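Chemist: Position chain B relative to chain A; hints supplied.
So the protein sequences, as listed, match chains A and B. Numbering of the first sequence is given in this note's numbering, commencing with residue 2 and proceeding in unit increments. Numbering of the second sequence is given in this note's numbering, commencing with residue 332 and proceeding in unit increments.
Treat the hints as calculated values from the structure; they're not laboratory data.
Just some of the chain A residues that point at chain B, by a computed CB distance under 8 Å:
(1) L36
(2) K38
(3) D360
(4) V401
(5) K405
(6) L437
(7) N451
Listed next, the in silico DSSO-like pairs over lysine-lysine satisfying Cα-Cα at most 27 Å (straight line):
(8) K771(B) to K402(A)
(9) K1147(B) to K1119(B)
(10) K771(B) to K429(A)
(11) K423(A) to K1163(B)
(12) K496(B) to K38(A)
(13) K318(A) to K726(B)
For the chain B half of the interface with chain A, some residues (derived, Cβ under 7 Å), not all of them:
(14) T502
(15) P559
(16) E563
(17) L608
(18) K612
(19) D614
(20) T774
This structure is a prediction, so every number in the text was calculated from the model and none was measured. Where a beta carbon is used, it is the ideal one built from N, C-alpha and C, also for glycine.
One-letter residues, chain by chain:
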Amino acid sequence: MPTKNVVDERISKFKNKGKDPAKLREKRISACVELRKANKDENFLKRRNISVDLSSDYISNEMVASLAIEDIIKDVNSNCRESQTQGCQAARKLLSQERNPPLKEIIAAGLLARFVSFLSMDDEPNLQFEAAWALTNIASGTSWHTQQVVEHGAAVWALGNIAGDGAAYRDILIECNVVPALLARISPDTPVGYLRNLTWTLSNLCRNKNPFPPLSAVQRMLPSLIQLLHLSDKDILSDACWAISYLSDGDNDRIDIVVRTGIVPRLVELMSHEEISVVTPALRSIGNIVSGSDLQTQAAVDAEVLKVIPVLMRHQKPSVQKEAAWALSNIAAGPCRQIQQLITCGLLPPLVEQLRNGDFKTQREAVWAVTNFTSGGTVEQVVHLVQSGALEAIINLLQVKDAKVILVILEAINNIFMAAEKLGETEKLSLLVEELGGLDRVEMLQNHDNELVYQAAHSLIESTLVMVMSTFEF
Amino acid sequence: MELNDANLQSLTEFLRKTLDPDPAVRRPAEKFLESVEGNQNYPLLLLTMLEKSQDQVIRVCAAVTFKNYIKRNWRIVEDEPNKVSDADRTAIKANIVNLMLSSPEQIQKQLSDAISIIGREDFPQKWPDLLTEMVNRFRSGDFHIINGVLRTAHSLFKRYRHEFKSNELWTEIKLVLDTFALPLTELFKATIELCQTHATDVNALKVLFSSLTLISKLFYSLNFQDLPEFFEDNMETWMTNFHGLLTLDNKLLQTNDEEEAGLLELLKSQICDNAALYAQKYDEEFQPYLPRFVTAIWNLLVSTGQEVKYDLLVSNAIQFLASVCERPHYKHLFEDQNTLTSICEKVIVPNMEFRSADEEAFEDNSEEYIRRDLEGSDIDTRRRAACDLVRGLCKFFEGPVTAIFSGYVNSMLGEYAKSPGQNWKHKDAAIYLVTSLASKAQTQKHGITQANELVDLNEFFVNHILSDLKSPNVNEFPVLKADAIKYVMIFRSQLPKEQLLQAVPLLISHLQAESTVEHTYAAHALERLFTMRGPNNSTLITPAEMAPFTEQLLNNLFKALALPGSEENEYIMKAIMRSFSLLQDAIVPYIPTLIGQLTHKLLLVSKNPSKPHFNHYLFESLCLSVRITCKANPTTVSSFEEALFPVFTEILQNDVQEFLPYVFQVMSLLLEIHSNSIPSSYMALFPHLLQPVLWERTGNIPPLVRLLQAYLEKGGPSIASSAADKIPGLLGVFQKLIASKANDHQGFYLINSIIEHMPAESITQYRKQIYILLFQRLQGSKTTKFIKSFLVFINLYCVKYGAIALQEMFDSIQPKMFGMVLEKIIIPEVQKVSGPVEKKICAVGITKILTECPSMMDTEYTKLWTPLLQALIDTPGYQTAFSQLAFAGKKEHDPIGDAVGNPKILLAHSLHKLSTACPGRVPSMLSTSLNADALQFLQGYLQAATVQLV
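Bound-form chain A, shown alone (with noise of 0.2 Å):
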């Protein structure tokens, strides 16, 4: 399998693309395999309370025969959970044959209380599995069961954790109109517990990727979204947040649509909440903001972004100060202007403080911040980055043990060799660079396993660190 060079690779990432392949800027890249846990901030929103086993043995082993409904009222609401699952089954299925499902009657005979109330039950994930799919298949009635489905409170946990199942449940939802039936519950008396499971079942329905929400649901869903992010209660922040951030996950016109309703001054005011669970999603949404165009990511600095990213990058967990540099890498690729007022703001301090001693997962994005910043900014821009102290921590760096982290590292130095060589100054950064350990390091980059690593060490040694013996030195 060739290894395609990283740079290009990254490079079709960005929306920038072909206007300047030296500028980087990075989306989130979500479509990747990943080998860790999954995000623990991430994951605890997609269920709550339930969990559901949705293994394709358990669904494909189905042996319950139909039932008549007067059997499927009295096993649901029997004692045993035996019968309580085989009701659940038979219900579900019933409810999802195509003509003239039994909506009401299921309805009248109170089932939906008796459904919500298996949702809880922990110790039992086929109860309520089958209960959660009953339910689903209730809401996507006509709108007025999808109503009598969202009154129920707790059922709205349900809808939230289908729709949190993936693309296709929430487009299910959304398609049997469950939006405006939540949208419709959010009012100034609405109360605050109730309030809170809205905002989270809203941003289960924004949530996933490939395809996104549609469009239209997006833009009903965006006003309230709004509205809420301007509440004081942290969890509804939190959820609001969230949801803005799976909607800036996107290309630009999706980050355009958030953009446009002018919440980012509230988002950047909200990178500063005590609670770390409203910061985290804050920051996702600008950090999704500031991959976007050069307009866009402006909007974000106008807002004083770089005044908040240098105490991020200070935070004590590690995950925001990576977060936070992915942002400031971003915001890197942009043009000198942009650069210029990342000097302005103090933030090079931070970025070379994590460069040095910053977690591994830190580092990498703040390399990139450096190699984006190097190949944007002016060659003023990058003496200054040097005197920073860059220079010394990205050397330092190149003994990581992550071949793309050093591949993006030989490209900053060579970029900085380049901004060196308008000075006329070649020779003396040749001799910073050893005097660092850069040429050591740089020589035994050379014996690297990776072929690009090695040919970008090998180049750069030819090119400007060392004096080729090919003429007479008189």
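Modeler: Below, chain B alone, put in the same frame as chain A:
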């Protein structure tokens, strides 16, 4: 090819012949096997042989042949035929794992390699059951088989350590983890248990520890890209066991071998790597375990001996500590005074000691010693690791560490003083410690550039270094002498000048030391001191200051070249070159003797050139001798020619390829010193220089072109008169050069020299052909570099032969060609021409086209007149820079020279002349289509030239 006994028999015979020492037997057999390897069943026949042959040699040979066959043929290249039949592919994959596992080790290794080659292509999609098949063997309980599986897995997975993250790669790793991680963990636990039950059975332990080492390697590969969920969940199991293994010792596994690392060392070394990986990349998750590992690794270091076999382990372990101690949140693990003292005392100091292995290298393998000690190829050594740890600790604890070490340095120096003969190694360690403590940043050019302020380097020099340098017996304690010389060399930028001046004569006398390391260091130190710059960018040490020592310096340097082992010592040769360069005129009196020694050396090394650096500096020194001497007195050039030509002739005759480029350069230098005539000795050589074979080697091209240019410059007319038959050969070289994108500029250098220096009539008949070649190349591949050179050439031609000649030449090749070249090449591209001389040539040439070419005034070319003028004025630099030309172009050859001082004034005068010849036309052409800016500049030039257009 059937799978039958006859074929087996015949293949066996051919295989046997491939082992025959006689090429007449071996080659045809190899050829035959190659010719049949495309047949179906061929690989299966090989597998059968390696399994069933009675002859052990044939079995191994079949295994090797099979692996090479797989290497050459397995990959399916797009648009090329599939070289292994599908049936064979399936059969191979179905059998190879079994076969590998049941084979003896020699064959197992080959098949394991083959599996990983196949795996690289087919795994996982086209070989889905490979992993399960392998994992199932874990349960076999047979560690011979298990180790085979582990080895194969290692060769399949180790690429995860260096490849870039990609969806494809991570999908594969995920799949591997799903199938492999749990069984591997179970195997790891079971193996450790077995080690306990078999703690007294040395043979069993050996096998089990190989397994553990392989398992640890697999752990490293599988955890490299990111921290997998499985390993995060099972970190406790892995880390606890790794920790246990680090602290484990078993007498039975200790080896007597001093050099070769044993199983315990290999395992622990890999565990250090694993811990370092987690500490670096997964710090957040690994934090709870890290302090335990720090302690264990530190204890390990304290208890590990000085033998070479432990080097890798020790250096890995120290590097682990070095990387952890600079992290702010682990600072607390080290900051206790007792901890620091203990690390300094028990880890750093012992690993800085001069060991007997170092002593052996110092005496018997000086090249290797110098490479490690001077050139920094000591990455894996204990000393280097200990140095890195000192530097890491100094990040937070510079004061305390310096204080602790000062105590040690003093006590070690004290020990030395008591009995130097016995305790000289203590002083060596003290110097090494001071050096590693003091140096914070270093370059080859300046030595140490940043020092620890807490160490007084000058005081140490005066009290402890100078005495060794001054010691009258240069051969006593050579290691300490070398240390002292190195101290001067690396701290040269820190020491005051008077100390350096004091050191110079002492260094000169050390050039006579018998020890190769010592006299090499002395030469190197002198060479470095001579390159140092003082104020005004002149050398720090002046020739006047060197005057008292000049003779001895040169004497000792050349004597050192005669010492055994230093006959081709590049450091000495470089010091000779540097001395010449520093001393300049002061060497002239010595040259007659020295040149003989240098040419003698050249003759010797040309028999078998093996040290490229030495040879390079040798030629540099020769060149400097020529330049310095002939600058004072050009007539001495002939004495150099007398001395050098016999050797050069021999080099040319024997075609010593490494030396030819140098010889051509020295010849150019010599020839350039002659004033406008070419000695017959050079003319005799001229035909040889045109031999195509010389031009085949790229390294020859630049110096040969330079040499031919020197011939043309000095003897254009004599070539035309006495070697006219060689002109086609010369143009043949030009033709070859311009055909190549890499060398076309060299071709232009040559043709420019021909145009400039050859009498016009001698090349008249070739001119058209020259242009046709250039146009062919232009049509074929038009690179910016070629166009720039082309523009300079046609403008030079125009300056030399006139604008009309240029226009007529183009139009004779093809009607309206001149207009096309103006419109498509000159006007749009002339702004790209760079270099002051090149720009000047173009400016003058274009001025001539504008003002001395009638067809520009009254044919269809007229419409190009103003665009051409516009292009000329818009050329960067044209508007401002030309007045500086007299200084900028000092070194560069300017074929136009003083004939045109300022091309802008020339343009003004030429336009004026043109306007008087056809009154009214020039101003009207200017005012209709030249843009305002250009017009303004032009007005300025006209004013400066005090002319007016009419």
